[in-house]
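Chemist: Sequence:
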Amino acid sequence: MVTKLPLAVLLSASMLLSGCTVVDLDENGQPILPKDPAAKASFSSQTPQQIAQENWDSRVLKGAQDRALTWNDMKNKSTALKAETSSSVFVKATGTVTAVSDDAERERLLTVTINGESVPVAIGPVIRSNAIRDAAGFKFEEFTNQVQFARLTKALNQQNVQQLPKIDGSWVGKPVQLTLAVTLQPQRIEDAVAVVIKQEQP
1 MVTKLPLAVL LSASMLLSGC TVVDLDENGQ PILPKDPAAK ASFSSQTPQQ IAQENWDSRV
61 LKGAQDRALT WNDMKNKSTA LKAETSSSVF VKATGTVTAV SDDAERERLL TVTINGESVP
121 VAIGPVIRSN AIRDAAGFKF EEFTNQVQFA RLTKALNQQN VQQLPKIDGS WVGKPVQLTL
181 AVTLQPQRIE DAVAVVIKQE QP
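Numbering of the sequence shown is given in our numbering, commencing with residue 1 and proceeding in unit increments.
FYI, nobody ran anything at the bench for these hints, they're computed from the structure.
Do not take every clue at face value.
[To be verified] Computed spacing ranges between beta-carbons, pair by pair:
no.: 1; residue 1: Val126; residue 2: Thr98; range: 17 to 25 angstroms
no.: 2; residue 1: Arg128; residue 2: Arg67; range: 19 to 27 angstroms
no.: 3; residue 1: Ser45; residue 2: Asn72; range: 39 to 47 angstroms
no.: 4; residue 1: Gln158; residue 2: Lys198; range: 17 to 25 angstroms
no.: 5; residue 1: Lys62; residue 2: Arg128; range: 23 to 31 angstroms
no.: 6; residue 1: Gln185; residue 2: Asp57; range: 23 to 31 angstroms
no.: 7; residue 1: Thr85; residue 2: Gln201; range: 38 to 46 angstroms
Quick reminder that beta carbons are idealized off the backbone N, C-alpha and C, glycines included.
Construct the complete structure from the given sequences, taking the supplied hints into account.
Modeler: Okay, structure coming up:
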(Lines of atoms letter the chains of each structure in order from A and count residues from 1; the text may use other names and numbers.)
(Lines give C-alpha, C1' and ligand atoms only; values in the text may rest on other atoms or scores of the structure.)
Protein backbone atom coordinates (compact mmCIF):
# COMPACT_ATOMS: atom_id res chain seq x y z
CA MET A 1 0.00 0.00 0.00
CA VAL A 2 1.35 3.41 -0.96
CA THR A 3 1.27 5.99 1.81
CA LYS A 4 0.70 9.55 0.75
CA LEU A 5 2.80 12.13 2.59
CA PRO A 6 1.21 15.41 3.70
CA LEU A 7 1.82 18.30 1.36
CA ALA A 8 3.65 20.26 4.08
CA VAL A 9 6.19 17.45 4.50
CA LEU A 10 6.81 17.26 0.77
CA LEU A 11 7.34 21.02 0.54
CA SER A 12 9.73 20.98 3.49
CA ALA A 13 11.80 18.18 1.96
CA SER A 14 11.88 19.99 -1.37
CA MET A 15 13.18 23.17 0.26
CA LEU A 16 15.89 21.27 2.09
CA LEU A 17 17.08 19.60 -1.09
CA SER A 18 17.07 22.83 -3.06
CA GLY A 19 19.25 24.45 -0.40
CA CYS A 20 21.96 21.80 -0.66
CA THR A 21 25.28 22.76 -2.25
CA VAL A 22 27.31 20.23 -4.17
CA VAL A 23 30.84 20.18 -2.67
CA ASP A 24 33.82 19.02 -4.73
CA LEU A 25 35.95 16.21 -3.35
CA ASP A 26 39.71 15.96 -3.33
CA GLU A 27 41.71 12.95 -4.49
CA ASN A 28 41.11 11.26 -1.10
CA GLY A 29 37.36 11.76 -1.26
CA GLN A 30 37.40 14.53 1.32
CA PRO A 31 35.27 17.65 0.76
CA ILE A 32 37.11 20.71 -0.54
CA LEU A 33 35.81 23.59 1.51
CA PRO A 34 36.12 27.16 0.25
CA LYS A 35 38.49 29.46 2.15
CA ASP A 36 36.76 31.48 4.82
CA PRO A 37 36.96 35.11 3.65
CA ALA A 38 37.03 36.20 7.30
CA ALA A 39 39.93 33.91 8.19
CA LYS A 40 43.14 35.58 9.30
CA ALA A 41 46.39 35.18 7.39
CA SER A 42 48.82 32.61 8.80
CA PHE A 43 51.27 35.22 10.08
CA SER A 44 48.78 37.95 11.00
CA SER A 45 49.77 38.01 14.68
CA GLN A 46 53.56 38.02 14.15
CA THR A 47 56.07 40.71 13.27
CA PRO A 48 58.29 40.19 10.20
CA GLN A 49 61.26 39.72 12.55
CA GLN A 50 59.47 36.94 14.44
CA ILE A 51 58.49 35.22 11.20
CA ALA A 52 62.08 35.37 9.93
CA GLN A 53 63.57 34.00 13.14
CA GLU A 54 61.03 31.22 13.66
CA ASN A 55 61.08 30.04 10.03
CA TRP A 56 64.75 30.46 9.23
CA ASP A 57 65.82 26.86 9.84
CA SER A 58 62.66 25.13 8.62
CA ARG A 59 61.83 27.16 5.51
CA VAL A 60 65.08 28.80 4.46
CA LEU A 61 67.95 26.50 5.43
CA LYS A 62 65.99 23.25 5.05
CA GLY A 63 64.40 24.53 1.84
CA ALA A 64 67.83 25.33 0.47
CA GLN A 65 69.12 21.92 1.49
CA ASP A 66 66.20 20.01 -0.01
CA ARG A 67 65.46 22.00 -3.18
CA ALA A 68 68.70 23.63 -4.27
CA LEU A 69 69.42 23.30 -7.99
CA THR A 70 72.81 22.73 -9.51
CA TRP A 71 74.34 25.66 -11.36
CA ASN A 72 73.60 24.07 -14.74
CA ASP A 73 70.00 23.26 -13.82
CA MET A 74 69.52 26.84 -12.68
CA LYS A 75 70.85 28.14 -16.00
CA ASN A 76 68.52 25.81 -17.88
CA LYS A 77 65.58 27.06 -15.82
CA SER A 78 66.51 30.64 -16.68
CA THR A 79 66.64 29.78 -20.36
CA ALA A 80 63.17 28.21 -20.18
CA LEU A 81 61.51 31.22 -18.55
CA LYS A 82 59.02 33.11 -20.66
CA ALA A 83 59.46 36.81 -21.38
CA GLU A 84 58.47 39.20 -18.57
CA THR A 85 58.57 36.45 -15.95
CA SER A 86 60.93 35.75 -13.09
CA SER A 87 61.62 32.94 -10.64
CA SER A 88 63.58 32.67 -7.39
CA VAL A 89 65.39 29.45 -6.51
CA PHE A 90 68.09 28.08 -4.25
CA VAL A 91 71.32 27.04 -5.97
CA LYS A 92 74.39 25.15 -4.80
CA ALA A 93 77.70 25.87 -6.50
CA THR A 94 81.45 26.00 -6.07
CA GLY A 95 83.71 28.74 -7.34
CA THR A 96 86.69 30.99 -6.69
CA VAL A 97 86.49 34.42 -5.06
CA THR A 98 87.93 37.11 -7.33
CA ALA A 99 86.91 40.29 -5.47
CA VAL A 100 85.32 41.53 -2.23
CA SER A 101 83.75 44.95 -1.75
CA ASP A 102 85.28 47.34 0.76
CA ASP A 103 84.06 46.96 4.35
CA ALA A 104 82.80 50.55 4.31
CA GLU A 105 80.22 49.80 1.62
CA ARG A 106 76.66 49.11 2.77
CA GLU A 107 75.66 46.83 -0.11
CA ARG A 108 78.77 44.67 -0.22
CA LEU A 109 79.35 42.17 -2.99
CA LEU A 110 81.48 39.09 -3.25
CA THR A 111 82.51 38.35 -6.83
CA VAL A 112 82.84 34.63 -7.52
CA THR A 113 83.83 32.84 -10.71
CA ILE A 114 81.44 29.91 -11.17
CA ASN A 115 81.78 27.69 -14.24
CA GLY A 116 83.82 30.43 -15.92
CA GLU A 117 81.15 33.08 -15.21
CA SER A 118 81.80 36.09 -12.97
CA VAL A 119 78.89 36.32 -10.51
CA PRO A 120 78.30 39.20 -8.06
CA VAL A 121 76.89 37.82 -4.80
CA ALA A 122 75.25 40.05 -2.19
CA ILE A 123 76.62 39.62 1.35
CA GLY A 124 75.25 42.74 3.12
CA PRO A 125 74.92 44.32 5.58
CA VAL A 126 72.26 45.82 3.27
CA ILE A 127 70.68 43.44 0.78
CA ARG A 128 67.97 44.66 -1.60
CA SER A 129 66.49 41.48 -2.99
CA ASN A 130 63.39 39.31 -2.56
CA ALA A 131 65.38 36.21 -3.53
CA ILE A 132 65.47 34.56 -0.09
CA ARG A 133 61.79 35.21 0.64
CA ASP A 134 60.60 33.94 -2.71
CA ALA A 135 62.97 30.97 -3.00
CA ALA A 136 61.85 29.84 0.48
CA GLY A 137 58.26 29.71 -0.77
CA PHE A 138 56.61 32.44 1.30
CA LYS A 139 53.35 33.45 -0.40
CA PHE A 140 51.45 36.73 -0.25
CA GLU A 141 48.31 34.87 0.85
CA GLU A 142 50.00 33.99 4.16
CA PHE A 143 50.25 37.65 5.14
CA THR A 144 47.87 40.35 6.28
CA ASN A 145 48.79 42.79 3.53
CA GLN A 146 51.48 43.83 1.06
CA VAL A 147 53.32 45.91 3.67
CA GLN A 148 53.85 42.94 5.99
CA PHE A 149 54.91 40.78 3.04
CA ALA A 150 57.42 43.39 1.87
CA ARG A 151 58.85 43.88 5.36
CA LEU A 152 59.52 40.16 5.61
CA THR A 153 62.08 40.60 2.83
CA LYS A 154 64.10 43.02 4.98
CA ALA A 155 63.76 40.81 8.07
CA LEU A 156 64.96 37.69 6.22
CA ASN A 157 67.87 39.56 4.68
CA GLN A 158 68.90 40.87 8.10
CA GLN A 159 68.62 37.38 9.60
CA ASN A 160 70.76 36.09 6.75
CA VAL A 161 73.54 38.64 7.20
CA GLN A 162 73.80 37.81 10.91
CA GLN A 163 74.68 34.17 10.20
CA LEU A 164 77.18 34.72 7.38
CA PRO A 165 80.90 34.48 8.24
CA LYS A 166 83.09 37.57 8.24
CA ILE A 167 84.26 38.03 4.66
CA ASP A 168 87.23 40.24 3.85
CA GLY A 169 89.99 40.63 1.31
CA SER A 170 91.72 37.48 2.54
CA TRP A 171 89.04 35.47 0.74
CA VAL A 172 90.25 36.61 -2.69
CA GLY A 173 91.72 33.71 -4.63
CA LYS A 174 90.17 31.12 -2.31
CA PRO A 175 87.80 28.36 -3.49
CA VAL A 176 84.36 28.45 -1.85
CA GLN A 177 81.23 26.37 -1.53
CA LEU A 178 78.04 28.40 -1.90
CA THR A 179 74.33 28.08 -1.32
CA LEU A 180 72.64 31.02 -3.01
CA ALA A 181 69.15 32.43 -3.29
CA VAL A 182 68.92 33.54 -6.90
CA THR A 183 66.28 35.54 -8.77
CA LEU A 184 66.18 34.61 -12.44
CA GLN A 185 65.01 36.49 -15.50
CA PRO A 186 64.89 34.92 -18.96
CA GLN A 187 68.48 34.15 -19.99
CA ARG A 188 70.07 35.89 -17.00
CA ILE A 189 70.52 36.12 -13.25
CA GLU A 190 68.90 39.22 -11.81
CA ASP A 191 70.53 38.92 -8.39
CA ALA A 192 72.19 36.36 -6.14
CA VAL A 193 72.35 36.38 -2.33
CA ALA A 194 74.76 34.26 -0.26
CA VAL A 195 72.83 32.09 2.20
CA VAL A 196 75.66 29.70 3.07
CA ILE A 197 79.29 30.29 2.14
CA LYS A 198 82.31 28.28 3.22
CA GLN A 199 85.92 28.25 2.15
CA GLU A 200 86.88 24.89 0.69
CA GLN A 201 89.60 23.09 2.56
CA PRO A 202 92.82 22.64 0.56
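Chemist: All the hints need checking, so say for each whether the structure fits it.
Modeler: Each hint, compared with the structure:
| no. | hint | result |
| --- | --- | --- |
| 1 | Val126 <-> Thr98: 17 to 25 angstroms | 22 angstroms, holds |
| 2 | Arg128 <-> Arg67: 19 to 27 angstroms | 24 angstroms, holds |
| 3 | Ser45 <-> Asn72: 39 to 47 angstroms | 42 angstroms, holds |
| 4 | Gln158 <-> Lys198: 17 to 25 angstroms | 21 angstroms, holds |
| 5 | Lys62 <-> Arg128: 23 to 31 angstroms | 25 angstroms, holds |
| 6 | Gln185 <-> Asp57: 23 to 31 angstroms | 29 angstroms, holds |
| 7 | Thr85 <-> Gln201: 38 to 46 angstroms | 39 angstroms, holds |
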